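Based on these hints, arrange chains B and C on the given structure of chain A.
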Amino acid sequence: MTLTQEATAGRAETRARPGRRRSQRLAALAFLLPALAYIVVFFGYPLVGNLVMSTQNYTVRSFYTGQAPFVGLDNYAAVFRNPVFGTAVTNTILFTAGSIFFQFTIGLALAVFFNGRFLGSATLRSLLLLPWLLPLVVSGAVWRWMFDQDHGIINAALRALHLASGPTPWLTSTSWALPAVILTNIWIGVPFNLVILHGGLRAIPDVLYEAAELDGANAWQRFQHVTWPLLRPVTGIVLMLGLVYTIKVFDVIMVVTGGGPADATQTLTTLSYGLSFHDFAFGQGAAVGNILIVLATCFGLVYLRSARASLSEVAS
Amino acid sequence: MSTARRNRRARTTVTGIGVTAALVFAAACSPSPQAPASGGSDAAPAASITELDYYADEQGTVAWQKILDTCTQQTGVKIERQSIPTAQMLPKILQGASSKTLPQLVFTDNPTLQQIASTGALTPLSDYGISTDGYYPGIIKAGTYQDKVYGLAPGVNGLALIYNKDLLAAAGVEPPKTWDELKAAATKLSKDGKYGLSFSAIPSEEGTWQFLPFFWSNGADLSKVDSAQSVQALRYVSDLVSSGGASKSVLNWSQNDVADQFVSGNAAMMINGSWNLARLDEEKSLHYGVVPVPTPQAGGKPAVALGGEVGAIPVSGDATQKAAGKVLSCILSEPTMLDWSKAHAYIPSKVDVAAKFGQQNPEMQAFIDEVATAKSRTADLGEKYPKVSAALATAIQSAITGQKPADQALRQAQQAAGS
Amino acid sequence: MRTLRHARLRTVAGLVIVAILLFPLYWMINASLQPSGALLKPSPELFPANGTFDGYRRALSGQLGHLVTSLIVSLGTVVVSLAIAMPASYALAQLRIRGGTMFLFVTLIVQMIPGIVMANALYTVFSNLGLIDNYLGLILADSTATIPFAILLLRAFMISIPRELSEAARIDGAGYWRTFTSIIVPLSRNAMVTAGLFSFLFAWADFLFAITLTTGQSFAPVTVGIYRFLGNQSADWNGIMATATLASIPAAILLVIAQRYVVAGMTSGAVKD
Numbered sequence: 001m002t003l004t005q006e007a008t009a010g011r012a013e014t015r016a017r018p019g020r021r022r023s024q025r026l027a028a029l030a031f032l033l034p035a036l037a038y039i040v041v042f043f044g045y046p047l048v049g050n051l052v053m054s055t056q057n058y059t060v061r062s063f064y065t066g067q068a069p070f071v072g073l074d075n076y077a078a079v080f081r082n083p084v085f086g087t088a089v090t091n092t093i094l095f096t097a098g099s100i101f102f103q104f105t106i107g108l109a110l111a112v113f114f115n116g117r118f119l120g121s122a123t124l125r126s127l128l129l130l131p132w133l134l135p136l137v138v139s140g141a142v143w144r145w146m147f148d149q150d151h152g153i154i155n156a157a158l159r160a161l162h163l164a165s166g167p168t169p170w171l172t173s174t175s176w177a178l179p180a181v182i183l184t185n186i187w188i189g190v191p192f193n194l195v196i197l198h199g200g201l202r203a204i205p206d207v208l209y210e211a212a213e214l215d216g217a218n219a220w221q222r223f224q225h226v227t228w229p230l231l232r233p234v235t236g237i238v239l240m241l242g243l244v245y246t247i248k249v250f251d252v253i254m255v256v257t258g259g260g261p262a263d264a265t266q267t268l269t270t271l272s273y274g275l276s277f278h279d280f281a282f283g284q285g286a287a288v289g290n291i292l293i294v295l296a297t298c299f300g301l302v303y304l305r306s307a308r309a310s311l312s313e314v315a316s
Numbered sequence: 001m002s003t004a005r006r007n008r009r010a011r012t013t014v015t016g017i018g019v020t021a022a023l024v025f026a027a028a029c030s031p032s033p034q035a036p037a038s039g040g041s042d043a044a045p046a047a048s049i050t051e052l053d054y055y056a057d058e059q060g061t062v063a064w065q066k067i068l069d070t071c072t073q074q075t076g077v078k079i080e081r082q083s084i085p086t087a088q089m090l091p092k093i094l095q096g097a098s099s100k101t102l103p104q105l106v107f108t109d110n111p112t113l114q115q116i117a118s119t120g121a122l123t124p125l126s127d128y129g130i131s132t133d134g135y136y137p138g139i140i141k142a143g144t145y146q147d148k149v150y151g152l153a154p155g156v157n158g159l160a161l162i163y164n165k166d167l168l169a170a171a172g173v174e175p176p177k178t179w180d181e182l183k184a185a186a187t188k189l190s191k192d193g194k195y196g197l198s199f200s201a202i203p204s205e206e207g208t209w210q211f212l213p214f215f216w217s218n219g220a221d222l223s224k225v226d227s228a229q230s231v232q233a234l235r236y237v238s239d240l241v242s243s244g245g246a247s248k249s250v251l252n253w254s255q256n257d258v259a260d261q262f263v264s265g266n267a268a269m270m271i272n273g274s275w276n277l278a279r280l281d282e283e284k285s286l287h288y289g290v291v292p293v294p295t296p297q298a299g300g301k302p303a304v305a306l307g308g309e310v311g312a313i314p315v316s317g318d319a320t321q322k323a324a325g326k327v328l329s330c331i332l333s334e335p336t337m338l339d340w341s342k343a344h345a346y347i348p349s350k351v352d353v354a355a356k357f358g359q360q361n362p363e364m365q366a367f368i369d370e371v372a373t374a375k376s377r378t379a380d381l382g383e384k385y386p387k388v389s390a391a392l393a394t395a396i397q398s399a400i401t402g403q404k405p406a407d408q409a410l411r412q413a414q415q416a417a418g419s
Numbered sequence: 001m002r003t004l005r006h007a008r009l010r011t012v013a014g015l016v017i018v019a020i021l022l023f024p025l026y027w028m029i030n031a032s033l034q035p036s037g038a039l040l041k042p043s044p045e046l047f048p049a050n051g052t053f054d055g056y057r058r059a060l061s062g063q064l065g066h067l068v069t070s071l072i073v074s075l076g077t078v079v080v081s082l083a084i085a086m087p088a089s090y091a092l093a094q095l096r097i098r099g100g101t102m103f104l105f106v107t108l109i110v111q112m113i114p115g116i117v118m119a120n121a122l123y124t125v126f127s128n129l130g131l132i133d134n135y136l137g138l139i140l141a142d143s144t145a146t147i148p149f150a151i152l153l154l155r156a157f158m159i160s161i162p163r164e165l166s167e168a169a170r171i172d173g174a175g176y177w178r179t180f181t182s183i184i185v186p187l188s189r190n191a192m193v194t195a196g197l198f199s200f201l202f203a204w205a206d207f208l209f210a211i212t213l214t215t216g217q218s219f220a221p222v223t224v225g226i227y228r229f230l231g232n233q234s235a236d237w238n239g240i241m242a243t244a245t246l247a248s249i250p251a252a253i254l255l256v257i258a259q260r261y262v263v264a265g266m267t268s269g270a271v272k273d
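Protein chains in written order, with my numbering: chain A, 1 to 316; chain B, 1 to 419; chain C, 1 to 273.
Isolated chain A (complex conformation) (with noise of 0.2 Å):
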């Protein structure tokens, strides 16, 4: 629609009758209401039932009395006393940067080779996203045996193609434990990015590359003026997803390494579990959880306002 054609519209809009505007907004309130009354109904409950337990003095007696004596930010106190505290919150800032960084370049470096059209291009590209679909006790497992320092496949690869003299202690070293858990965290991961990223890319007009070609662009560049630009609200929902899931995996870690060796995997996902079922401090568990919740808030901020941009930018 041409510039004049678009400001009429807007004006006819205008000048139409002031209930117009309001019937609108109810009717939009109509349509959001079923996930409107979903979300309180069903995330309500927990939220403030979450909030309400970290100032309490929760135990297990509580469960069956509904007794929990009010303590204020005891709890939190505790948390932030904890020296496993500082530990969890390093470790979760380097498994989610580290797991969606890799995660990401390489869903998205797999996304534009299967992009193109060559022999068995779809069928590979289905094939990749099969990680995504075993059972988190699994895929685990699989990685806990591959990584074995004594029998595992990684070490004797390894040593078979001379990148390392001895076996690397992935699971039992304080220093290990975390990367092993990042990359199986990554190869889990990558699929989900391969899919979101690959539908980015299929929405991206062939002629623009033509064009591009044309003017004399190579692949690299291509990739920087064209791709790139045009991905970026998908590149943005496909961060903050990931953001999220990220902070919250749980079962990764306690598959693998369990949050060991002596703590080297604890993130404060695992804390919070600790926290609550081995040491039945439930508040404190709480705590931890809403301190998470927080934590990824101030990155949905972020995410939000480049959202707002870039819904001016497809409005302009």
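Derived from the structure by calculation, the hints contain no laboratory data.
This one's a predicted model, so the numbers in the text were calculated from it and none came from an experiment.
You can take every hint at face value.
Within a straight-line C-alpha distance of at most 16 Å, the following computed EDC-like cross-link-like pairs (lysine to aspartate or glutamate) qualify:
1. Lys-183/B x Asp-239/B
2. Lys-194/B x Asp-150/A
3. Lys-148/B x Glu-383/B
4. Lys-387/B x Glu-205/B
5. Lys-188/B x Asp-239/B
6. Lys-387/B x Asp-279/A
7. Lys-141/B x Asp-109/B
8. Lys-375/B x Asp-221/B
9. Lys-141/B x Glu-383/B
10. Lys-384/B x Asp-279/A
11. Lys-191/B x Asp-150/A
12. Lys-375/B x Asp-109/B
The following block gives chains B and C in isolation, referenced to the frame of chain A:
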């Protein structure tokens, strides 16, 4: 339809849905009142009860189902059974406690009984005429909270040293009886990527449970985990790893993995529980022997921790409680005890029944000897045990990884446990 | 020709990449065919020469019912999620609404609530409502993982649908609902498939709600059923791996079929150059 009428309709619909949602929300969030107890204590026992256990795997679930079926036949009470993975037992019980929907008969790991009893959700077993006569003192202690018995186990288990007869004979090594002998044997049997000894040192109750025989045999006490005897025990265990007698991967191996290592021949000896014997018997090419866990000095008595699940009856109303009591009495009767122990490779928890069991199954004798002196983990600490156990498991990991020396690790554990 | 050789090279490179990335999967299938614990031998067999189908036999005899249950629950989750998320995304993307950004923000936040907190809360609510051991209950619970995601994804698609299309329909006299069903929904077909696909996969992989909201008396999804092979005191890795392999098959088929429709970004055909 006019815009005004459409607006009004929209508004009414919106308000209606909102109010309904709020009502549903409010109704759902308030826990429903508990079902009133049916009449006085003269009420007849219910016709069926709900049961919860964690024998979820193939072998365990079939064996336990047989026990339950036998008792259904004998008592006439139908049993609706739920079996879940071990890690889900505690969350399930807590969810049941908070929504007042606890199962009517629950079999839980004995160290967790104190916690559950402390909530007030359980009923004393004496209410059902279940007496503790003839049971091993350890298991009675495990099920006792504030001088009342809330849980009893039909079968118990413990740890022992299981060794590969062929590998030991080939190396000319005798099954070790003392710590020195164990270390020597382990280092001698370790070569070519195989290790002499395998055990579990994972950061959970399993790791603590495996360490306790060494801890207690050396005279240490759970109320003071940084004592000299405790440091000595931890130093010994980390030495087993650092000297090459055991793989560092013990930090990552659960007891299932330890058994796998033993069966595949990667470990000549393993510290593992009696329940593995059923599987070991299936491996025809594997000739194994069982001796008690080695003690620091010759002639010492091994002090292993008591394993096994205790049956408890939560508050649920007179009729169902009575029925659960009948079922539990049946499960604790001698023939059922023997059946269960035979099927699942446990030890009967009554002294004379265990003796009879030992006669029928001589390969279990080493375990039976140990159970006589086994200690319950919650005997000294009661509800405080889980926290101490978690701190101890972390200390074990710190010491074996070399992150901290044993005394520092244990000092930190004592601080964490005490807070 | 240069392009043909290029294409062939890419196929080969593609095969190598997939082989490396899927190696753990191969290892899993290898494990499912070998006797339990065989992979622990010092030089593990890279190829299951003396394969055994015992694990598959055990898995098939016990797990088929669980697979059907998982299928019902997952498909139900797709239906519920799309039914709730589509109108909401339309409102957020196309209609002017105050507090839309706030709603989006809340949608992001609620996804960060730890799973165990959700499970505990939902158990209390559901046991009062009698929704335990209930397909609808499990579907509603699984939707907590899928609806926020679907809303975010669908909204991102719908933003790129030009407003002129709906405006044109409204000028012609169509109501909001009519515009939604006749114009927006058909145009969002690809986005709906994407959101539906993810909803299916999330529900398929769910374990926490499955174990919490069932009592084993009636039905159980395959994520719970697999624990028949994994216990406290024994682990049948053949059975586990075989079950996992079987469990991936329906999801894999769905993925291959739906791949064609997964397009993120501008809906093709709606915008004329």
